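Asker: Chains A and S supply the protein sequences, listed in that same order. So for the first sequence, our numbering puts the first residue at 1; every next one is plus one. So for the second sequence, our numbering puts the first residue at 1; every next one is plus one.
No false leads were mixed into what you were given.
Away from chain A, derived, C-beta distances all over 12 Å, residues of chain S:
#  : residue
1  : 9
2  : 10
3  : 11
4  : 12
5  : 22
6  : 26
7  : 32
8  : 37
9  : 45
10 : 71
11 : 75
12 : 76
For the chain S half of the interface with chain A, some residues (derived, Cβ under 7 Å), not all of them:
#  : residue
13 : 86
14 : 89
15 : 93
16 : 105
17 : 106
Partial pick of chain S residues on the chain A-facing surface, computed with a CB cut under 8 Å:
#  : residue
18 : 84
19 : 92
20 : 94
21 : 104
It is worth saying that the hints were derived from the structure and are not from the lab. As the structure is a prediction and not an experimental result, all values here were calculated from the model. Glycine included, C-beta positions come from ideal geometry on N, C-alpha and C.
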Amino acid sequence: MQLTQGDYGEAYLANRLHIGQIHQQIGLEPRWYMGAYSIYMQLAFPRVMTAFEHDLGKGQRIFLALLKIITLDTELAITTYIAASEEIISSQSREILEIATPVVQVWSGVVAAPLIGTLDSQRAQQFTERLLERIVEMRASVALVDITGVPMMDTRTAQYLLEAISAVRLLGSQVILTGVRPAIAQTLVHLGIDLSNVATRPSLEAGLRLGLDMLELQVLHRDGKR
Amino acid sequence: MAEDNIAVIKVRDVLMITMPADPGDATVSALQEKVMATMVQTEAAGVILDISAVETLDSFFARTIAETAQMVALMGGRTVIAGMRPSVAITTTQLGLTLGGAMTALDVDRALDMLNHTHQ
Numbered sequence: 001m002q003l004t005q006g007d008y009g010e011a012y013l014a015n016r017l018h019i020g021q022i023h024q025q026i027g028l029e030p031r032w033y034m035g036a037y038s039i040y041m042q043l044a045f046p047r048v049m050t051a052f053e054h055d056l057g058k059g060q061r062i063f064l065a066l067l068k069i070i071t072l073d074t075e076l077a078i079t080t081y082i083a084a085s086e087e088i089i090s091s092q093s094r095e096i097l098e099i100a101t102p103v104v105q106v107w108s109g110v111v112a113a114p115l116i117g118t119l120d121s122q123r124a125q126q127f128t129e130r131l132l133e134r135i136v137e138m139r140a141s142v143a144l145v146d147i148t149g150v151p152m153m154d155t156r157t158a159q160y161l162l163e164a165i166s167a168v169r170l171l172g173s174q175v176i177l178t179g180v181r182p183a184i185a186q187t188l189v190h191l192g193i194d195l196s197n198v199a200t201r202p203s204l205e206a207g208l209r210l211g212l213d214m215l216e217l218q219v220l221h222r223d224g225k226r
Numbered sequence: 001m002a003e004d005n006i007a008v009i010k011v012r013d014v015l016m017i018t019m020p021a022d023p024g025d026a027t028v029s030a031l032q033e034k035v036m037a038t039m040v041q042t043e044a045a046g047v048i049l050d051i052s053a054v055e056t057l058d059s060f061f062a063r064t065i066a067e068t069a070q071m072v073a074l075m076g077g078r079t080v081i082a083g084m085r086p087s088v089a090i091t092t093t094q095l096g097l098t099l100g101g102a103m104t105a106l107d108v109d110r111a112l113d114m115l116n117h118t119h120q
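Could you build all of it, start to finish, from the sequences and the hints given here?
Answerer: What follows is the structure, encoded as structure tokens:
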């Protein structure tokens, strides 16, 4: 067994950390690992004590040395297991943030940013940054911020929205808030949120019409009628 | 002298000023003086302040912009702030700063369009 070979340098550590990662990948939880070592200890202890019954002091030292290396080994495997699990969680979190804040160009000079899910401070910041960067990148004069996918409205969320809208205005572009459903409209009024400076529309389509209007563009049917 | 790093250029009937990356208070004050002096000389219809190189906008700068816009308006002109960076926009909003009556535009090109539009 590698455990008692005596060489506990870098190669040993690297090997144990690697084992820990494998355990995480195959779903072998720490408790099985620790359980196995526990059984190992229960089997080894009496044997060590028997072998050194004429020199209990030495037997104890040997056993404690064994204990030390087993603890180190277990610690390395568990630490790696936990680190690998945390890495998965954090990469999933990043992915969720990525997916949830797309900003797409729907027309030359018009971008649409659908907001999906609830807004916490981190997402709000990320959303605003992304929206502003894309506006600059695509030279968009109009940004349609769609909140159809926002399940509920509260003061905080409204605050984040208003801040994002102000920031877009400072860049020189306009925001049209779209997807304002009746329930949301009700909540906004009850909360006393002042949206008198913000153009709002019930749907993305209505928002796009207004946006094109602002850019003095018009969509005509081929036979000439609107 | 701080005044030297502010160049005020006349483009058609609009005054264009490009701000350096990190304008100190002295530079910002000089901006206001220079704008007013040139407005009197040229009777420009508007002022475009290009801040695309500016990385930080503090309350003094914001207040000076608002005041300058007001002064320009009193002299019959309009002010447009062009090219604000996203990070600056976010910080400005979070600090609750406003730019008074100054308009904003994504870039100098659009700023010129804006001023021509209102002029006509």
